[in-house]
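Asks: Using the sequences and the accompanying hints, generate a full structural model.
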Amino acid sequence: METHMPIMQQQSHNPTLRSGLISQFPATPAGQTMTLHGALNKVLISLVLVVVSALYTWNQYVTVLNQTQNPAHAMAATSMYLWIGLIAGLILAIATAFKPMWAAVTAPLYAIAEGLFLGSMSAMFNASYPGIVIQAISLTFAVMAVMWFLYQSGLIRVTNKLRMGIMAATGGVFLFYLVTWIVGFFGVSTENLFFGSQISIVISLVIVAIAAFNLLLDFDLIARGAQSGWPHY
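Add 196 to a position in the sequence shown, counting from 1, and you land on the number used in this note's numbering.
Warning: the hint list may mix true and false statements.
[Said to hold, decoys possible] Computed spacing ranges between beta-carbons, pair by pair: (1) A364 - T264: 46 to 56 Å; (2) V375 - L243: 29 to 39 Å; (3) S349 - P267: 43 to 53 Å; (4) I378 - L282: 15 to 25 Å; (5) L282 - T259: 35 to 45 Å.
The set of hints was computed from the structure by calculation and includes no laboratory data.
Note that beta-carbon positions come from the ideal geometry of N, C-alpha and C, so glycine has one too.
Replies: Next comes the structure, spelled out in structure tokens:
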């Protein structure tokens with residue numbers, strides 16, 4: 197029979213939910229524990245903030261591009277938002293990882309920072325490859341919806357074996373990118389692994405699948421956290 201790890205021993209790739217920190221949570225009074233409904237509401241609020249701030253920087257890029265017809269000028273005009281979003285997002289993520297009780301403030305700010313970064317970056321990519329951003333966003337939400345359905349319906353159950361397999365595969369992806377980055381310094385070309393070849397398509401599909409299965413770990417951890425009475429922050 198499949199056994200399950202205690203909730204405090206489960207791992208997540210979300211640094212704010214790492215087991216060592218979770219085990220330090222104090223006993224939470226009744227009425228102040230997290231719920232699945234509350235967690236989903238916070239996810240939706242964060243998503244709205246990301247979209248709004250991303251649309252703002254996207255609009256700034258497109259406005260300058262239409263006025264100047266020069267992508268370099270448009271990039272320069274929005275690069276400030278890109279760097280602000282990147283640096284602020286990193287600082288806020290680290291702060292939340294070590295002080296999760298600050299999440300009520302840091303999480304919305306992080307969402308806004310991510311929107312600034314993603315909006316600028318997406319506008320730049322869309323200028324070079326028209327339509328690619330809409331496709332990426334549509335596929336992202338489609339994959340998330342499918343994985344949520346598979347999890348909620350019970351068609352895929354997050355067992356210890358599946359959890360360890362996903363974590364191992366994710367570590368493999370990290371190692372793959374690390375190795376290709378290192379060999380690049382020695383003049384070894386890895387272009388065929390990422391662009392315009394059949395092997396690059398296969399690699400991309402495998403990585404997308406692993407990323408999709410990581411969503412199952414997040415869904416499962418949230419559900420178990422609600423059952424175990426974690427703090428609502």
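Asks: Looking back at the hints listed earlier, which ones does the structure fail to meet?
Replies: 5
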